[in-house]
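Novice: Line by line, the protein sequences give chains A and B. Each residue of the first sequence is one higher than the last, beginning at 973 in the numbering used here. Each residue of the second sequence is one higher than the last, beginning at 973 in the numbering used here.
Honestly, I wouldn't trust all of these hints.
A pair holds if it fits inside one copy or across any two, identical chains being indistinguishable in the list.
[Stated by the list, open to error] Below, computed lysine-lysine pairings styled on DSS-like, alpha-carbon distance capped at 27 Å:
1) K989 <-> K1071
2) K1337 <-> K1065
3) K1157 <-> K1462
4) K1422 <-> K1462
5) K1188 <-> K1419
6) K1422 <-> K1257
7) K1257 <-> K1071
8) K1194 <-> K1257
9) K1422 <-> K1010
10) K1257 <-> K1010
11) K1297 <-> K1188
12) K1428 <-> K1257
13) K989 <-> K1010
14) K1194 <-> K1181
15) K989 <-> K1065
16) K1010 <-> K1188
17) K1010 <-> K1419
18) K1173 <-> K1279
Keep in mind the hints are simulated off the structure, nothing from the lab.
Protein chains: 2
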Amino acid sequence: MTLTPDLLQQHHQFQQKVAAYSLALATMSWDAYTIAPKAGGPYRNRMMAYLQGELFSITTAPEAIERIEVMSTQSYDPITDREIKQMKKELDKARYIPKDIYVAFSELVHNANDIWEQAKATSDYALFKPVLQQLIDQTKVLVSYRNDTRPVYDQLLDDFETGMTMADYDRFFDKLRSDLVPVIKKIKDKMVQKPEWLDRKVPVDVQAKVVDLLAKHLDYSKDTGAISVSVHPFSQDFSARDNRVTVRYLEDQFTSSIFALIHEVGHATYNGQVDVAYDGRYIRKSMTYGMHESQSRFFENMIGRSKAFWLPIYAEVQGLVDALKDVSLDEFIAGINFVEPSLIRIEADELTYPLHVMVRYEIEKGLFDGTLSAENLDQVWADKMEAYLGIRPQTAAMGVLQDVHWSGAAFGYFPTYALGSAYSAQWMHALRKDLDVEATLIANDFKAIKAWLADKIHRHGGVYEPAELLLQVTGEPFNPQYYVDYLVDKATTLYQL
Amino acid sequence: MTLTPDLLQQHHQFQQKVAAYSLALATMSWDAYTIAPKAGGPYRNRMMAYLQGELFSITTAPEAIERIEVMSTQSYDPITDREIKQMKKELDKARYIPKDIYVAFSELVHNANDIWEQAKATSDYALFKPVLQQLIDQTKVLVSYRNDTRPVYDQLLDDFETGMTMADYDRFFDKLRSDLVPVIKKIKDKMVQKPEWLDRKVPVDVQAKVVDLLAKHLDYSKDTGAISVSVHPFSQDFSARDNRVTVRYLEDQFTSSIFALIHEVGHATYNGQVDVAYDGRYIRKSMTYGMHESQSRFFENMIGRSKAFWLPIYAEVQGLVDALKDVSLDEFIAGINFVEPSLIRIEADELTYPLHVMVRYEIEKGLFDGTLSAENLDQVWADKMEAYLGIRPQTAAMGVLQDVHWSGAAFGYFPTYALGSAYSAQWMHALRKDLDVEATLIANDFKAIKAWLADKIHRHGGVYEPAELLLQVTGEPFNPQYYVDYLVDKATTLYQL
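Looking at chain A on its own, in the form it has when it is part of the complex (with noise of 0.2 Å):
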C-alpha cells in the first residue's frame, strides 16, 4: 500500500477487513461459548489463534501503522477524528509485540476457558491455578511491550475503562464500603429471613418461556437477536442487526435467569441502538466496559428490579410460574431485592454486590504488584470474603473459581462492574428529569426509556469517553453520590430502616 491522499478511503477498507476478521472471531467464540462440543476445543482453540495472529498482522502492518500515524496528524469530521486517535492508541500498545508471543497467548487463552469450565465443573482450583499463573505472567509480559510507564494494572484498568487508575478506584471502593457497610450491617441486624419461594424449584422449560415474555416486554426481538444457553452468562455483538444474549438456568434459583436475561439485554441494546451509521467501524465497538456495564446493570436492577416494571406482567409471570402463584407482588419484588450477604457475584443484591467486586479489585491488584500469586488465591478470596461480607466459601466453585473473567485473562475488567453500576444511578437520576419513569413503566412503554437511552447514550456507540458523556448527559462529572443515595434509599424503604 502506498499512502495516496486518498487516505481516509483507505482507513475505511481497512475497517472493512478488521470488520470482517473480528465477525469471524466474534462467531467462533458465540459457538464454542454455547454449542459447540469441548472434544473440538483443542483444534478450535488453535484456529481461532491462528485467525487472532492474522488479524494481528492486519492491525500492526507497516502501512496500517503509518496510515494511522499520518492520519492521526490531520483532521477530518469529527467522529473519524476519535476514531483515529482510540486506533492509535490500541495499536501503541500492540505494536511491538511479537507476533508469535500474541499468538501464543492467544491460544492459552482459549485453552484457559476450556481448562476453566473443567476445574470449576469439578471445584479443582489446582487444575486452574497454573493456568492462571501462566495467565498473570504472560499478560505482564504483553504488557512490558508498550511504551508505557505507568503501573501495570493502572495500564489495564484504562484499557477497560478509559481515564480510571488505582487511586480513582480506592477512593471510590472506600466510599462505597463506608456508606454501605453500616447499611448492611443494619439490615443484618433485622434478622430478616430470606422468602423460602425463592429456592422453590421452577423447569427450565418453564423458565425459558419466562426469558421470553421479558425479552419481549423490553423490546428485544428475535429478529436481531436470539437467546442461547451458556455456562456464564453473555452478550455478544455481531453487528448492529444482529445482538445475541445468553442465559442459564438453575432449577432451583428460577430468578438467576430472569435477571441474567434483564442484564444481557441491556448490553445488547446498547449495541443494537448504536448508529448504524457506524456499522463496521471502530467507533461502533469502543463503548468502554463501564460504560457498558452502566447499561446491563441499569437494565437489571433500576430497571428489573423495580415494582413499576412489574406490576404491568406480574399476572403473565405468575400464570407461568406456579412457584409464585401465592406469592404478592409486593412480596415478590422484595424477594427480588433481598438483601443477604452471599458467594456468587451474578446472583448477589445490589447492596452487597459493589463488595464482591471490591474483592477482586484488591485480588487483582496484588496480583499485579507482586504482593499475590495463583498460589493460594482461592484462600486468599475465601479470607476477603469472610472479611467483607461475613462469609466463606466452602468450594472452590462457589469461590475463587465462580467467574469467567480471568480464564479470559479479563484482568481490570471487574472494578467496571461496580462503576458501571453506579453509572447507572446517574443515569436514572437524568432519566427522572426527562420522563416520568415509573408512570411509564406502569402503561407498559419500556419504549419511551429504550429510546431515551438511545437518543442520550446508545447512538453514539463509542464517539466520546465516559467522563464526557457523563457530563454531556448529566450535566455534571461521575458523581457516585447518586449511586450511594439509590441503594441507601431503597434498602431504607424496603427494610424500614
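With chain A's structure known, arrange chain B on it following the hints.
Specialist: Chain B in isolation, oriented as in the chain A frame:
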C-alpha cells in the same frame, strides 16, 4: 515465500492457514443456518464474502500455485501425492478467476440463500427466479475461467463426483427408471392405503427425545457433536472431534425428524471417523459428495428402515411417542417403508426417491445446455413430477423451491444423492460378507457396523476416488444392480408382489 527445499513443511503451514479460514467460514455458515437472526444477514454475508475472498487470495497466490506445481512433479508419501493431485485439480479450476468476480459470486450465494428461505416460506417462485437465473449465469461465468473444454455440466458433475459425466448418469438413471417404474406401478395397483398413524401429531419436545435416543443408539455423542434445528437438515464438519447435525421438526410428520437425524448422523460419522492424522489437511475434506451420500443413505435406509435396527429400541420409542402406542413393530416398519409418489424429496420413500433426483438432474442438464432457464422453471418442475411420479405440486414451496441446493449454486450436486444411494447398496452387500448385519443390529451392537465402516471407508477420508474405493472394498467396480435388487427385493417382500 521463496521455494526452499523444504516444500513439504511449507505445504503443511499453508494447509494450516487454509484450515483456519475454512473453520471460520464453516462456523459462520453453521451459525447462519441455525441460530443467527435474519436481520444480520446482509452484513454477515458481506463479511463472509470478504473472508472467502481472503481465502481465495491465499489459495491462488503465485507462491501457492508455484509450490503446488513443483510438488506435483515430485513424489512424497502416497497420501501427500494424492493430496497434491487433488489440490492441483482444485487450483486449476480457480486460478484464472478474477478475485472481484469470485467475491461478488460468494456474496450473491449468501444473499440468494436468504431470498430462497423467504421465497420458500411464502411459496413465491417469482421472488427467487431472478436470483436463480443470476446463480446459473454466474456459475457459467466462473466455469468459463477454467481451461477445460468439456461441457459445463460435465465439469460440474465432476466437481461433485470425481469421474462422473452426463453419459454415466444418463445410463444410470435410464436403468433406474426402466427397473423401478414397473415396480412402483405394481404397488400403486395394489391400492394399499397409507397408514393413518404416519400423520398423527407428535409434539416437538417428544420428537426431540426420540432424536436424542436415536443419536445415542447410533453412537453419536454430543461430546463430539451437536444437534440443532434448521430449515433444511444438514451436517457440518468442523474437525475430527466436532461434527454436527441439524434436523427440522414437523409436528404432523414426526418420522421426518427421525430420518433426518439418522441421515445426517451418517455424514457426521463419516467425517468423525477419518484418520485424525489428517486433521487440518485437504485430504480430510475431499471425500466426494456421492461417497458422503453413500454413508448418509446407508444409515438412513439400509440401517434406519430395517426391522433389525428398530427391534431393540422400539418399545422405548413407543414409551415416548403416544402416537405409536397402538402401532406394532411390523406396522411401524411397513409405515416407514410405505411407497407412494409424493412431492418432497427428503420425505420420499426409497423406491420413488431416485425419480425425484432424476427430475432435478434433467432440469440441471437443461439449464446448462441452454434448453431451460429460470423462467417458468416452476412449471417445468411440475410437468416433470407429473410425468415421472404422476403427481403435480400445487405450490412452488412443494415443488421447485423445496431444496436449498440451487440457492447455494450447488448445480451438479443432486445426482450424487441417487448415486450415493446406489453405492450404499454395494457397501451393504460387502458388509454382509463380513458380518451378520441383522444379528448385529438385533444385539444392539451398531458399534460393530460403525467400526467396519471406519476401517473400510471412513478412515481414508478423501484419499481414494470413489471408483478405487469401491473396487478395494467390494472387489468390483460400481454396480447399480445391487441397488436395484435391494429396492425390488424389499418392495416385493413388503408388498407381497
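Novice: Confirm or reject each hint.
Specialist: The hints, checked one at a time:
Taking the shortest Cα distances, K989 and K1071 sit within 27 Å of each other both inside one copy (19 Å) and across copies (15 Å). Taking the shortest alpha-carbon separations for K1337 and K1065, only the intra-copy value of 20 Å comes in at or below 27 Å, while the best inter-copy value is 58 Å. When the C-alpha separation of K1157 and K1462 is checked against a cutoff of 27 Å, the pair qualifies only within one copy, where the shortest distance is 15 Å, while the shortest distance between copies is 79 Å. In this assembly of identical chains, K1422 and K1462 lie within 27 Å of each other by CA distance solely inside one copy; the values are 23 Å within and 63 Å between copies.
In the homo-oligomer, the alpha carbons of K1188 and K1419 lie at most 27 Å apart inside one protomer (11 Å), although the nearest pairing across protomers, at 46 Å, exceeds that limit. In this assembly of identical chains, the alpha carbons of K1422 and K1257 lie at most 27 Å apart only when taken from the same copy (19 Å versus 48 Å across copies). Taking the shortest alpha-carbon separations for K1257 and K1071, only the intra-copy value of 24 Å comes in at or below 27 Å, while the best inter-copy value is 29 Å. For the homomeric pair K1194 and K1257, the shortest alpha-carbon distance inside one copy (21 Å) is at most 27 Å, but the shortest distance between copies (34 Å) is not.
Taking CA atoms no more than 27 Å apart as the test, K1422 paired with K1010 passes between copies only; the shortest distance there is 22 Å, against 38 Å inside one copy. For the homomeric pair K1257 and K1010, the shortest alpha-carbon distance between copies (21 Å) is at most 27 Å, but the shortest distance inside one copy (29 Å) is not. Proximity of K1297 and K1188 under a CA criterion of 27 Å is satisfied intra-copy only: 22 Å inside one chain copy versus 39 Å between copies. Proximity of K1428 to K1257 under the C-alpha cut-off of 27 Å is restricted to the intra-copy arrangement: shortest distance 17 Å within a copy versus 51 Å between copies.
Proximity of K989 to K1010 under the C-alpha cut-off of 27 Å is restricted to the inter-copy arrangement: shortest distance 22 Å between copies versus 30 Å within a copy. For a Cα distance limit of 27 Å, the shortest separation of K1194 from K1181 qualifies both inside one copy, at 14 Å, and across copies, at 25 Å. Taking identical chains as interchangeable, the C-alpha atoms of K989 and K1065 lie at most 27 Å apart whether they share a chain (20 Å) or sit on different chains (26 Å). Proximity of K1010 to K1188 under the C-alpha cut-off of 27 Å is restricted to the inter-copy arrangement: shortest distance 17 Å between copies versus 32 Å within a copy.
Proximity of K1010 to K1419 under the C-alpha cut-off of 27 Å is restricted to the inter-copy arrangement: shortest distance 22 Å between copies versus 40 Å within a copy. For the homomeric pair K1173 and K1279, the shortest alpha-carbon distance inside one copy (23 Å) is at most 27 Å, but the shortest distance between copies (42 Å) is not.
In the structure shown, no violation is registered for any of the earlier numbered hints.
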